[in-house]
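Undergrad: Each chain is listed here by its residues.
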Amino acid sequence: MKLELRGITKRFGALTANDHIDLTVEPGEIHCLLGENGAGKSTLMNVLYGLYQADEGEILLDDDVQHFSGPGDAMNAGIGMVHQHFMLIPVFTVAENVMLGHEPTRLGGRLDLAAARAKVREISERFGFDVDPDAVVEELPVGVQQRVEIIKALSRDAKVLVFDEPTAVLTPQETDELMAIMRQLRDTGVAIVFITHKLREVREVADRITVIRLGKVVGEAQPTASNAELASMMVGRAVDLSIHKDPPKIGAEAFVVHDLTVIDAADQVVVSHVGFTVHAGEVLAIAGVQGNGQTELVEAILGVQNRVEGSIRLDGRELLGRSVGGVLDAGVGFVPEDRTDDGLVAEFTIAENLMLDRSTGAPFVRGGTLQLTELERFAEEKIAEFDIRAQGVTTHVGRLSGGNQQKVVLARELSRELRLLVVSQPTRGLDVGSIEFVHTRIVQTRDSGIPVVVVSTELDEVVTLADRIAVMYRGSIVGIVPGDTSREVLGLMMAGEKPAEVAA
Amino acid sequence: MTDVGTGSAGGAEPIHSQSSKLDTIEPGQQPNARRDPEAPFGNNLLREIMSGGAVLTVLAIVLALVVAAVLIAATDSGVQAAAGYFFARPSDLFVAVWNAVSGAYVSLFQGSIWNFQRTGFLVQIAPLMSTLTFATPLIAAGLGVALAFRVGMFNIGGRGQLIIGAAVAGWIAWSFPMPPVIAFLVATIGGLVGGALWGAIAGVLKATTGAHEVIVTIMLNYVAFYLVAYGLRTQGLLQAHGSNSPVSPGDLPNATYPKLSDLITALGGPATSYTVNIGFLLSIVATVAVWYLFSRSSTGFRFRAVGENPRAARTAGINVKWVYTLAMIFSGALVGLAGADQVLGTTTTGFNSGVDAGIGFSAITVALLGRSRPWGVFFSGLLFGALQAGGYTMQALQQIPIDIVDVIQSVVVLFIAAPPLVRAVFRLPKPGSTRRVRRTPAAVAEGNVK
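Those protein sequences? They're chains A and B, same order as listed. With the UniProt record's numbering, letter number 383 in the first sequence gets 383, and the count goes up by one each step, no holes. With the UniProt record's numbering, letter number 158 in the second sequence gets 158, and the count goes up by one each step, no holes.
In case anyone wonders, no lab produced these hints; they're calculated from the structure. The structure displayed is predicted, hence computed values, not measured ones. Take the hints with a grain of salt, since some may be wrong.
[Said to hold, decoys possible] Listed next, the stretches of chain B that the computed footprint assigns to chain A, with coverage defined by at least 3 CB atoms under 8 Å from CB atoms of chain A:
(1) 297 to 308
(2) 317 to 328
[Unchecked claim] Only part of the chain B face toward chain A is listed, based on derived beta-carbon distances under 8 Å:
(3) 311
(4) 312
(5) 314
Just so you know, even glycine gets a beta-carbon here, dropped at the ideal spot from N, CA and C.
Let the sequences and hints guide you as you build the complete structure.
TA: Right under this line is the structure:
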């Protein structure tokens, strides 16, 4: 089935999220929709899926104009969507999830689970998915859960499949498998829309590429285009993807984590006997797929986790057992992975957020009273230094974009006297411009002789920043490898395998 | 910063934030599974209530007065009679309604602010003085509840804290002879400490065990009430010496709050009936203190941070548990001030277990109406004081049941707590969409509009 979007325009108030977007996806092709976070890709797909009504323009399937008033209409017309966050009920089996919403019934309204099972088995076999219809979804690995989503869409005879940022939760190997599946689907004549901002994946799998920027189609690109070409189309200017980084000037051992074990509230061992050393002037990246203990490891360093064994020493002093305030006072700068939940108070102004972890003593407090003049001066200075785009120091942080919010967090942490910087998911959800900025600041911090720990699930980021890479899998460190280790090796390690060439 | 051409980040970000906002209704989004374990239940409700504007508050009051007018008319005997022959002479009904409603509100005004039926300024202003008297404990207790709100806690324990504060203040007031001024100041501090200790129990339990402050404070209300009731029935504890009824001894003269009328006569002025006392001054001091706490002090900064986002506060090294405890101590102390005012200013001849007089719960209403801002609480305390003072006049002059006044108070808060409802009634735009109107191209280019 051929999908055609003509002149789709969607406005929210004075803001035009989609501005006369034209897009044609032929059957049997993988069409990549490439754009930064916020370029309008998701809005466009929500229009296609009937979640939003377009203000202008029309949707055509095989040259017939369609009117979708909801996802149900879109599904019936043959459009399927695989969401970034799975729409599955964790405690249901695969078959139950697949039939959910259009349950086959037998006489008297009894569910026909057998029919659903047969359907799952049939689709699974047709594409070699290897999915057990009776498996409970929450017990399946993420990659398999995604296949359940695909089966769900195919079970409704989807002829157009939309993948919305499908690789964010996958290991590199799972990503490769997904791409194989996408090619296979393409070859059976399905029209595929692949939404992403990861250039490498685009070049690997796309037949055609449409680049969207600021709600407009800025052009088509060939899959043969280079990363830099694609990135500059996406951003609208030349982008230097590889930030400038001198070889590290490695100093003394500064931050030593030894035999660290963390047990969470559900009595699960989430971090198991982890140990690593970070030297002054070095970036150690902790890589791994989301949910393999990185979050808990970082929380243990910060002093938020309760049940921690082992030792965490910074410049010879033990951090374990200290309160969060004590850890910060020891000179740890901390950028949390979830800046809106953990890093910032949305209702506070930029200035107030800049003093959030310095609410006792100089320079912002004297005799228990806030030094508002001093704070304002400081905030003005940091807004200029970190290029925070805001009307002023009294702008509420909740009103800033993700990139500017992250700059506020960075500005706060980097303006203290640091002995260690811990950055978790430094660029999650940021635009390319901000990513460049954040990466540059991290490298500058390293070059000033401060040990840096970067936790990231983005392999590109890890490779860009790291001097050494520790890969985590199921709470343990699989291995610590040099920064120039190949992606293939890293990918295997992220799946828990330890390649032969990696030393213990 | 305004250069759209090169400032790609600036140009791109407004759309980014726009779409991230839209993402919340995207089916692909899972609800945030990692919710704050410490976030007080109803935190969002509190935020919603506190973020409403002054316009909304005024409209809620107007709406409440309209609803009350309907009730006044419906319960008025003249209106009921006129309605009986509505089809014969419809105009009678409208006249009766007008008379009932206007009479009610005129007497409300007359009883709470300015009595134009008397002559002489000092007499005419007497109702206002009475309003201030009623408002005094409401302001103090309202500040206490509001303070806890700002830290993200529901202090429902105003009644218990007030009773304990009153008992301690009273005990000091009748037991220890002290020189003037010192006597009532010491007794007041006793009230503060009593309320603070009672509030601290809930704070400590929340900090150490995670026990929810709503449940703990509600239960502590009962504990305080029956504890003091027991004391009032027991010789040697709180009962007046040789008395058979559950009443405390009266305060020693030096320990009572000086009244404004006493001050005027002491300065050689005419005799007046002003019951407003030094307690009102203390309420003003408390309001200023709470304002300073939240606007200027580092402690208040941490309080607000914990109230708005306890996770971020914890990550920033703020001792969230200690903040909860300290906030309940402060909150209880302010409610204790209201208790001291009850004993030292109002029922100075000995109190019984009804010393709370509903103030502990009204304080919640006052705090909500004042949107937990110090001066907001001050003025909403004045409004509620006025309703109380005027309510008695309404009852006396217009035979309007005093319950109607309570209905007005309740309806005001009901509308305050339901900003979307008031917005719908007055067709006000949603907060989000007013922001969108302000999304000028220049602002978008600057990249600071969400």
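Undergrad: Against the structure, test the hints numbered earlier, and report the numbers of the ones violated in rising order.
TA: none
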